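J.: Sequence:
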Amino acid sequence: MQIFFLRNIINLNDNKGVNMELKFGTAGVRGIIGSGNMNMNKTTVQKVSFALAKVILEKGNEDKKCVIGYDNRNMSLEFAEVAGSVFEFFGIKTFIFEDISPTPLVSYAIRKMKCDFGVMITASHNPKEYNGYKAYDSTGCQILPTFADKVQSESHTWEYEHENPIEIKELEKVPQKIINSYLKRILKTVGPQAKPTIKIAYSPLHGTGYKIVPKLLKTLGYEFYEDKTQNFKSISFENTKSCNPEHALAFEGVKKVGQQNKTDLIMVTDPDADRVGVGVLKDGEYILLDGNETGTIVFDFLAKRIKEVKLKKEWYMLYSFVSTDLPKAIARKHNINVIELATGFKWIGNFANKIEAEGNKFLFGFEESYGSLYTSKIGRDKDAIQSIVLIAKIADFYKKQGKTLLDVYEEIQKEHYFTKMKMNPIKIKPEITFSISELMKKARKIKGVKEIVDFNNKEAEEVKGNMIKIMFEDESWIAVRPSGTEPIIKVYINAKSKDKNDLLKRFNEIQNISKKLI
Numbered sequence: 002m003q004i005f006f007l008r009n010i011i012n013l014n015d016n017k018g019v020n021m022e023l024k025f026g027t028a029g030v031r032g033i034i035g036s037g038n039m040n041m042n043k044t045t046v047q048k049v050s051f052a053l054a055k056v057i058l059e060k061g062n063e064d065k066k067c068v069i070g071y072d073n074r075n076m077s078l079e080f081a082e083v084a085g086s087v088f089e090f091f092g093i094k095t096f097i098f099e100d101i102s103p104t105p106l107v108s109y110a111i112r113k114m115k116c117d118f119g120v121m122i123t124a125s126h127n128p129k130e131y132n133g134y135k136a137y138d139s140t141g142c143q144i145l146p147t148f149a150d151k152v153q154s155e156s157h158t159w160e161y162e163h164e165n166p167i168e169i170k171e172l173e174k175v176p177q178k179i180i181n182s183y184l185k186r187i188l189k190t191v192g193p194q195a196k197p198t199i200k201i202a203y204s205p206l207h208g209t210g211y212k213i214v215p216k217l218l219k220t221l222g223y224e225f226y227e228d229k230t231q232n233f234k235s236i237s238f239e240n241t242k243s244c245n246p247e248h249a250l251a252f253e254g255v256k257k258v259g260q261q262n263k264t265d266l267i268m269v270t271d272p273d274a275d276r277v278g279v280g281v282l283k284d285g286e287y288i289l290l291d292g293n294e295t296g297t298i299v300f301d302f303l304a305k306r307i308k309e310v311k312l313k314k315e316w317y318m319l320y321s322f323v324s325t326d327l328p329k330a331i332a333r334k335h336n337i338n339v340i341e342l343a344t345g346f347k348w349i350g351n352f353a354n355k356i357e358a359e360g361n362k363f364l365f366g367f368e369e370s371y372g373s374l375y376t377s378k379i380g381r382d383k384d385a386i387q388s389i390v391l392i393a394k395i396a397d398f399y400k401k402q403g404k405t406l407l408d409v410y411e412e413i414q415k416e417h418y419f420t421k422m423k424m425n426p427i428k429i430k431p432e433i434t435f436s437i438s439e440l441m442k443k444a445r446k447i448k449g450v451k452e453i454v455d456f457n458n459k460e461a462e463e464v465k466g467n468m469i470k471i472m473f474e475d476e477s478w479i480a481v482r483p484s485g486t487e488p489i490i491k492v493y494i495n496a497k498s499k500d501k502n503d504l505l506k507r508f509n510e511i512q513n514i515s516k517k518l519i
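Following this note's numbering, the numbering of the sequence shown begins with 2 at its first residue and continues without gaps.
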């Protein structure tokens, strides 16, 4: 194999991308696969890898190690090989997975193999035309903006480095024992349980969960059924209309499998298996839970478990500012500390590090966008593999009491308050401008507003962001921010009410207000 360092990353026969470049967003670098500076291609991967290696080597050249994973997308393996080749050229020992690998497994492998950093080639849930590049630090946490800014800056120094092509040897494979230990750690985390009674239908949506999830469910004794039209890797996602668990279209295949076998749950994981979507059987139909509902149910279960074992530790739950506040009420009841953070799971992973370093215990972290992490003993990024096993255990626990996850969520709301939340994406068009100052002016004219928070004015980077949050007197809120991975503006609506009958009315009121903001 040969790799060239080119003088420019702009294709001389292509004007796309001039004076523009891919940048680190909420979760790494993402772009459409194609030529040009703004797209994902071998040259842009070389550039980012060159810069990342340079920043890593600032800390010294001694025995640096890296692990690289990749998903099923078009060019993922090729991009992974290019990145690894660059690292090897700089003297960094690089390991690559033999097959497509879940993002959380990469995070785990970095920690287990004591690597200095890691890379995952994936565009997560984005459409098939996209690919991306996630970078991780030595703790298995996605790199923070300060680190990412250094990489971005270093990439601007990338010039023609070598007159001749670089001969690259084959990258060493991640040992199978690392994968086995990841599976064992998940099984240990979930703990022993009696023979399960629930039935599950599952689809990896052609992604990285296609081997590892069935293996775990089988080991735990679950009766489960796979969507055989989607349980193999495919660069084109040929048999699914969406690879995003937030979209109902992603469940079309697995829903048929569930109905044929009358399963209690249907589950899907996105291509890099860091997010999971769940549907619950009710009256012959599947009701889909959103990320807030799933996160709330899981945290409620864990909080009660902590209380039962009476461990004398300072426990913490972490979540993003645009997620539901309901778990905060649960935490208050069980004396669990809560920290709200900026959007992006890197902040949850980073604070898990801080909590553990202070001798306290990280219990759970989640985001409304269907990502969560239970315990920091495994990794520092959201983990759908772990979540599937945990959600299955919780569903089985409650089924033995005659309840579904829908019943459990209803009980939680009755105890605290009823809530309804929705994210409305607005595609960015030439006629749409996103101005924080203009939003603030409009927000000040809204009746019943208690507080308007401009996160651009926050000093600490873990709570700083291009977002405003409009808080109402009844603790309902609206949040507005541009996406860090897609050309859209996200408008979050969160309504609260003690009375279930008034909730929909209040939600519609908040939603109508939000439409006047942009």
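Note that these hints are calculated values from the structure, not bench results.
Just so you know, not all the hints are guaranteed correct.
Said to hold, decoys possible - Subject to a maximum C-alpha distance of 25 angstroms in a straight line, what follows is the list of computed DSS-like cross-link-like pairs (lysine-lysine):
1. K423 x K355
2. K451 x K394
3. K506 x K517
Stated by the list, open to error - Simulated restraints on C-beta separations:
4. G403 x N354: 39 to 47 angstroms
5. K216 x E416: 14 to 22 angstroms
6. I236 x P146: 48 to 56 angstroms
Quantities reported herein were computed from a predicted structural model and do not represent experimental measurements.
C-beta: ideal position from N, C-alpha, C; glycine also.
J.: Each hint should be assessed against the structure and marked as holding or not.
T.: Comparing the hints with the structure gives:
1. K423 x K355: violated (31 angstroms)
2. K451 x K394: Between K451 and K394 the Cα gap is close to 41 angstroms, so the pair fails against 25 angstroms, i.e. violated.
3. K506 x K517: At roughly 18 angstroms apart (the allowed maximum being 25 angstroms), K517 and K506 satisfy the hint.
4. G403 x N354: 39 to 47 angstroms: holds (41 angstroms)
5. K216 x E416: 14 to 22 angstroms: violated (37 angstroms)
6. I236 x P146: 48 to 56 angstroms: violated (31 angstroms)
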